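Whole structure, please, built from the sequences with the hints as guidance.
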Amino acid sequence: MAAKIHIERLSAWYGAKKAIEDITMDFEEHEVTAIIGPSGCGKSTLIRCLNRMHETIPKARAEGKVLLDEEDVYQLPAVSVRRRIGMVFQKANPFPTMSIYDNVAAGLRLNGERNRDKLDAAVLKSLKAAALWDEVKDSLDKSGASLSGGQQQRLCIARALAVEPEVLLMDEPCSALDPIATAKIEDLIFDLKTQYTVVIVTHNMQQAARVADKTAFLYLGKLIEVNRTRDLFERPAEELTEKYITGRFG
Amino acid sequence: MLRLQFVRRRLLRSIEPGALGDSLFHWLTGIVAVGVVALLGLIAVVLLIAAQQSIRTFGFSFLAGTRWDSVADIYGAAPFVYGTLVTSAFALLLGVPISLGVAIFLSELAPPKLRVPLTYVVELLAAVPSVVYGFWGLKVLAPAMASSIEPAVQSLLGFLPLFQGTPTGSDKFSASVILAVMIIPTISAVSREALRAVPQSQREAALALGATRWESTRVAVVRYARAGIFGAIILGLGRAVGETMAVTMMIGNKNSISVSLFDQGQTIASLIANSFGEASLGYLQSSALLELGLVLMLMSLVINVFARLMVSRVLRRGEGLG
Amino acid sequence: MKLALPFTLPPLRFDREGRRLWKDLAMTAAAFVCVVIALIPLGSILIEAGIRGIQAITPNLFLFDTAYGGIGNAIQGTLILIALSSVIALPIGILTGIYLSEFGKGRVGDGVRFFVDVLTQVPSIVVGIFVYSLFLTLALAGLMSTRSVFTTITGVIALTTIMIPFVARTSEESLRLVPVSTREAALALGIPRYRSILRVVLPSGVSGLVTGALLGVARVAGETAPLLMTAYGSFYGFSGLDQPIESLPHTIYTFALDGSPARLQAAWGASLVLVLIMLVISIVSRAIVHFRSVSE
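Residue numbers (our numbering), protein chains in the order written: chain E, 1 to 250; chain H, 1 to 322; chain W, 1 to 296.
In case anyone wonders, no lab produced these hints; they're calculated from the structure.
Where hints are given, some of them may not hold.
Claimed, not checked - DSS-like cross-link-like pairs, simulated, lysine-lysine; straight-line CA separation at most 27 Å:
1. Lys137/E <-> Lys222/E
2. Lys184/E <-> Lys128/E
3. Lys139/H <-> Lys18/E
4. Lys142/E <-> Lys128/E
5. Lys128/E <-> Lys118/E
6. Lys113/H <-> Lys17/E
7. Lys23/W <-> Lys59/E
8. Lys65/E <-> Lys193/E
9. Lys113/H <-> Lys59/E
10. Lys193/E <-> Lys125/E
11. Lys128/E <-> Lys193/E
12. Lys142/E <-> Lys118/E
13. Lys18/E <-> Lys243/E
14. Lys91/E <-> Lys128/E
15. Lys254/H <-> Lys139/H
16. Lys118/E <-> Lys23/W
17. Lys184/E <-> Lys222/E
18. Lys113/H <-> Lys23/W
Just so it is clear, the structure is predicted and the values come from calculations on it, not from any experiment.
Listed below in structure tokens is the structure:
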């Protein structure tokens, strides 16, 4: 069975600067794949190429193949791709001018959904899936910005899930959060993978070890090693990987 | 004990080389700056004093009075306040959608290569002096208004009393159109600043949900910047209210109130401008004009202060609440 | 098939997503149309002034005074007015700008900034009648003759009043752009504050100050309303600071109202000259900013 996302010889540039080079790997369906590596190694660039967010930056470009269910993502409209591949960002970015309800419903409304009942059901389902429902169910009309950092991030997850993507990309989702909020989100990721395919970028190796089925190690834009998480951490094939894991740099 | 040390430090500091120069410089620039502020006060005071005779003669009924008669020496501000408000309001009606379209295009939707040159060209609109707008308006726009544009509008909207009467080209409608053109650079420039202040993460949040560029602008960006945009519009209003030469040359200069935009009218600014061509002014007339000027200054002040409050609130805060 | 368009055409589908992509294109086009609409008047003014004005550009236009249908005295008048105004307004404006950017942090500074902003927004015609009534009141009080109202001096005072707050704000903005690190470097060398401002900060920000001054000059060069009741206008050249004086924008106004073909053509010529001056100043300002940022 083919992987959910298969990338082949993917390279990306910001202007003249090459950020990632010739990366080939698979992201399996209903699994969590983590991407680790030191700062600036191209992790964020890599996942931003998956949902074509990379090209929204002026003078950025990418080459190579990104196949979602064997369809070339660059041959589809970007808008379609982003509906099927959702994203959660490093710093939670709920829409401050909208209520919690409207935030979660935003993606559905963009798609033209107007039916109030359908929206209610979807908002309920997403907030439950993001483990936020119990905390906000009585204050759905409060501003999206009125929540704590961890709650805001879960709101963003709910917002992303509401459009029912197939894949969820998470760009260092916990780096701005405290340990308790982080733990909640990590639990969430376990639940999410039954329904979605998750790709998580993290600079925290322990987090990768905790949540990921498969882990890829990037260094200076190149894919050094990718393997089942346990194998990567216990029996790294590359010397560079071993050095990173044992903390000898980065 | 601490007090002594503090005083000692102050003394030592004051005999440091350059301390005297620093002091003098600070005082010099400060005095000049305060002088500039005093200039504003002087303007208010002078206008108030010179308007005294009119204020005492007419009292509050000045604002309601509809006659401006230099022979009978009876003066009332109503036709001009009306003219100012009507032309400015209609100018906003026409100019705001265009200005916002310009701002959104230049800030969000334009291809990167077009952005800078187009922005520059739009800003050139502000470089044309008011009198040139007025002259062009008088000789180019007004004839076009009279022959084609106003009749066309009348055929579409003539059922409204606003668009009845005979279109002549030199009327409140034309004055509003030219005002609309003149406020476009103001509103679009300030709106663009407000749009630029929206964090990129907001756009990315919308795009990542599968929004198109336009949808991201509509849903995330404009909503976030709406206070700043509103402030921009009010600033445009402030400009429209004070605009003189272009309006004078387009509005027909008739000192009366009428509903139709196709009738002549007069704004406060255009009346004042017109009054100084004739023979020398009588004392009461002069005083009444100054009272009008005071009214205009107050209008402009209130509008602009309100606008600045809105704009600075958005531009200084990072994550505003819109 | 590759088209060299600055955007990508959406696929020809009419499902919901296809409609959204077409709407995106349509709204982008609508916004572009707004830009075109906004630029039509500018284009028309440039074209009309160019076509109609170019015929008027003869040596006679500049040699004769407005009494004979030329604009020589108008140009002279404008030059005198802006020169005198600049001499007074630029130092005051720049000093105020220095105060605001270097010492204007606290509440006093905020207050001054607020009132300076208010001053920039006073309609120019109100400034005109302010100067008019100031001198009229002084004349009525017997301190000067009533003829002193319509003089070069009152015109200069009016233009100065308009120019000062404008230059103050542009100067403040320019000096604000000088990085904190530059100031700190100067102070760390042991230079007293005032000298660091004069010798280090000001020179760093000089391109912005020059741009602000140029724009301020452009602004008052195009003003008509405040001069209607101060400088008043004249058919002849400069004849003394205590006499009325003509200006280019005022000539355009009077010739426009005159209506005779010769005067109208001269007015187009004057308009062309005035617009060209504004364009040149605008381009020069841009060039200064551009070259300043390129060299950094």
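These are the hints, each one checked on the structure:
no. : hint                  : in the structure
1   : Lys137/E <-> Lys222/E : violated (45 Å)
2   : Lys184/E <-> Lys128/E : holds (13 Å)
3   : Lys139/H <-> Lys18/E  : violated (58 Å)
4   : Lys142/E <-> Lys128/E : holds (18 Å)
5   : Lys128/E <-> Lys118/E : holds (15 Å)
6   : Lys113/H <-> Lys17/E  : holds (20 Å)
7   : Lys23/W <-> Lys59/E   : holds (25 Å)
8   : Lys65/E <-> Lys193/E  : holds (24 Å)
9   : Lys113/H <-> Lys59/E  : holds (11 Å)
10  : Lys193/E <-> Lys125/E : holds (16 Å)
11  : Lys128/E <-> Lys193/E : holds (15 Å)
12  : Lys142/E <-> Lys118/E : holds (21 Å)
13  : Lys18/E <-> Lys243/E  : holds (24 Å)
14  : Lys91/E <-> Lys128/E  : holds (21 Å)
15  : Lys254/H <-> Lys139/H : holds (19 Å)
16  : Lys118/E <-> Lys23/W  : holds (24 Å)
17  : Lys184/E <-> Lys222/E : violated (32 Å)
18  : Lys113/H <-> Lys23/W  : holds (23 Å)
Going through the hint list in order, the structure does not satisfy hints 1, 3 and 17.
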